[in-house]
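Trainee: Two independent chains are provided; combine them into the complex using the hints.
Spelled out, the chains give:
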Amino acid sequence: MDTKHDVNQSEDAIGKIEAKALPRRSFLRYAGTGATLVTLTLTGIAGISGCSKDNSPNPGNEGVDLGSDDIGILNYAYALEQLEAAFYTQVIKSPFSSITDGEMALLTDIRDHEIAHREFFKTALAAKAIAGLEVDFSKIDFSSRDSVLGTAKAFEDLGVSAYNGAGSLLKTPNYLVLAGKIVSVEARHAAYLRDLVTPGSFAGDDVVNNMGLDTSRTPPQVLQIAGAYVKTKIDASHLPTS
Amino acid sequence: MNLYHIIQEIEKTDPEVYDRLDSRRAVMKNFAGFGKKLAAAAIPIAFGSMLNKAYGQGTATSVLDVLNYALTLEYLESGFYAMGNAAATTLIPTTEEKNAIKVIGDHEAEHVTFLKSAITSAGGTPVKKPVFDYTAKGTFPDVFTNYQTFLAVAQTFEDTGVRAYKGQASNLMSNSDVLTAALNIHSVEARHASQVRQMRKANNFGDVKPWITLNQSGIASTAVQPSYNGEENTNQAGVQIKNINGMKVSENAASEAFDEPLTMDQVLAIVKPFIVA
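As you go down the protein sequences, you meet chains A and B in turn. If you read the first sequence in our numbering, its first letter stands for residue 1, the second for the next number, and so on. If you read the second sequence in our numbering, its first letter stands for residue 243, the second for the next number, and so on.
So that you can see chain B by itself, here it is in the shape it has in the complex (with noise of 0.2 Å):
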């Protein structure tokens, strides 16, 4: 992202740019709101919002589609461990693991905060918190009683969120500061979903590790399984990673190495069943 580049790209075909921009002080006041509420990423996206303005366009509405619906999973994960906090003294063993977990929930509401900010910012409207159900229904009774269910879930969300930004990646190409934002929420999913692997594997709940091996959900429950198929995948465009070149790269390894996208229909069905309305 270089804004300076931006702003000369468009001076070269319309040099009233900063005149558009309502004026140099209002831009000043804008930068300077923004900043203190959101800071460094948050920035371009309140800066894509004034040249919406400027030029009366509309940012693409799949872009809004598509922060909308990371907006949706994470306050379908921030809810949760809010929830899972609140339950903590009884829930969570040890001190080590409340303070992951606060973490990781804190990092959830941010992803919320920021998102409302970005969709706002870009002219949208921000979808409406769900009702959220999370035992799925009756599938997970104990989930905030058992802490192996609620490891179990947690696992599930945050390889399912993983998977869902990745798959709306391509969707983001045209907004260059809202795609590399959502690079930046995506990793670290990832980190909270390798670190809820190794408390379930040090709690003797599953045998996982950080990574996902083939298809595998080291979950009890088959309610999970559709956010672990396709993950058995050694393929990546036409090459096989499977001994690739002559090297011992196992199966298993194989689909380690690389995580696998969902379809947004793919994810929206997944969380389905904790969404009452």
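So here's chain A without its partners, still in its complex pose (with noise of 0.2 Å):
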């Protein structure tokens, strides 16, 4: 076992000697015209970037480590669900004053599916499941309407782009097929909430773009943003990245 993941790791810090040793910008400059170099970035170069961030040394064995393969995959969404899934719990246990009975209704359901769904990775996961993280919430105010309903929005956008960009990360068809059982509950939840905060809003274009299509965030991507709300440091560098 633990040979087994030092040879994942040195393959992965090959990989990652190999992705440095031709400049970007020679890749850049191959690629072609300007208003091609923005998607490109988009979708080709966010991995590298994903990359060198890894390579920086992480001091330390604090946190929790997601893992490899479709493990490190899993453990990344259960991280997540995590977060959800202790926030909409304070929301419900502190309302905001001016919440509706039909919003506490939904909230309660979309409480009570995002802890299904950390409870499901958790079970499934077994001893290879991470340890429970510490959230840090000190940002939102949850006797506010907007900072709630704001945050809720966030988080489960961030949650849709996050398992949109998972998909093509894992290996076994059946984890693929649970990741889509619930990200598409998660978008079902992003709409709800988005016309709450914004009426007309459900898919609105700073999330769906002008194909039509949705947006998907890398492992790293999202990790940065959900990292403001956990106080427990999450290392991801063993993470598959395609």
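None of these hints come from the bench; they were simulated from the model. Please read these numbers as outputs of a predicted model, since none were measured by experiment. It cannot be assumed that every hint is accurate.
Derived DMTMM-like pairs: lysine to aspartate or glutamate, alpha-carbon spacing no greater than 25 Å straight-line [what the hints assert, rightly or not]:
no., chain 1, residue 1, chain 2, residue 2
1, A, K122, B, E493
2, B, K451, A, D101
3, B, K451, A, D205
4, B, K514, B, E352
5, B, K443, A, D146
6, B, K340, A, E134
7, B, K358, A, D205
8, B, K443, A, E103
9, B, K451, A, E103
10, A, K122, B, E474
11, B, K490, A, D206
12, B, K344, A, E134
13, B, K340, A, D205
14, A, K139, A, D69
15, B, K344, A, D205
16, A, K171, A, E103
Mentor: Structure representation (structure tokens):
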């Protein structure tokens, strides 16, 4: 087990060194014109910037290591579901003052869905599951409707983009189907919450592009955003990148 | 998706990869042309087509089959909203709702355009747009004159679309770019479904939530039931979600928390009444 892990790590390391060998600029020059560059940067280069970030030494052993391969991706999903479940648990525990009965009912549903997701991953991962994360909600004013709904909307859109970006990193078909079963529920949440914040924005052009495609994000992109709400250090350096 | 990595990987075994891709200039032209029309997500697909040309390998038939299947469903949806929007003055009561249906219809039309381009880029031929009968052979005779019927059909199309894409995800694993694009469409369909359900609720057309409870459609017609059968599942990968780990997760919530896939055959049976030829 240890040996296998070491092999994986050294393969990763080799991959990163090679990725550094050909300068990014030469690839961009190869790829073409200015207008194209912008789009390529979004799809093609994101993984590379993630890699170079991972290259920086990671001091200390505190926090959790998501692990590698499919287990790593499932732990990544588990981490996000922990964050969401903790958030909605607090929302229902201390609802904002102007909350309507209808909102309370649906936000309670969402809390239960996120708890179901969290517990599912915990059970499915069993001994390979990361520990419970310590969240940091100090930036959220749970008495404020705007703060709560704004955060909820951001979490749901982030969750959708995380699952969309992680799908192609999974190797096991059944895990992909499970991720698919969850992501559409997150998208249903997102559309509802977006409309609460801004009517008509259920699939706004800040999340759906002009080809009708939703947003996907790589794990490093997602964790950078989610990290603002998590105290526990998350080591994602062994996650697959393609 | 990491184009850079893919080129590098190929270069390891084939140092001439750059020459095979026609020429640097042709590659740039390809990227630029595709980029203007399709932008980010389609560029990898365009890239895939370049590789196919370079190495004489066709894209797996199953991926093309899935894309054409998806295209058929998007034709169905986009044609539906096009007719709904054309009848909006008399069909849709408020400006807010007119706008929402417009947004959804625009997305479906964009999906048609995207899928056609993706199929062509991958070396396939897009299927022709079928002739549709949105009354489903008389099951929904007032679909474009009665807002309640219109939204019931819209909800069914969106919820079915979500399940249809979900059912094909594992058939796209050989092509991560197509898979990611399909996932990015899948979640948009789910956003639409959520919105249409909220619109039905707001109009008192049905007691529905943005998510699917058990196998309930919230629609009077039993004709839509095949689109909801199976959604009552609360067992995921052998794990019972109801009251999981001692949590108070009701059966309703356990079923809502996971959307279920449909097979291609199931979906084709559902849409068959809407297809004339």
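Trainee: Compare the structure with each hint and give your call.
Mentor: Outcome of the hint check:
no.	hint	result
1	K122(A) with E493(B)	19 Å, holds
2	K451(B) with D101(A)	14 Å, holds
3	K451(B) with D205(A)	24 Å, holds
4	K514(B) with E352(B)	23 Å, holds
5	K443(B) with D146(A)	24 Å, holds
6	K340(B) with E134(A)	44 Å, violated
7	K358(B) with D205(A)	22 Å, holds
8	K443(B) with E103(A)	13 Å, holds
9	K451(B) with E103(A)	11 Å, holds
10	K122(A) with E474(B)	22 Å, holds
11	K490(B) with D206(A)	35 Å, violated
12	K344(B) with E134(A)	43 Å, violated
13	K340(B) with D205(A)	17 Å, holds
14	K139(A) with D69(A)	33 Å, violated
15	K344(B) with D205(A)	13 Å, holds
16	K171(A) with E103(A)	38 Å, violated
Consistency with the previously given hints fails for numbers 6, 11, 12, 14, 16, ordered from lowest to highest.
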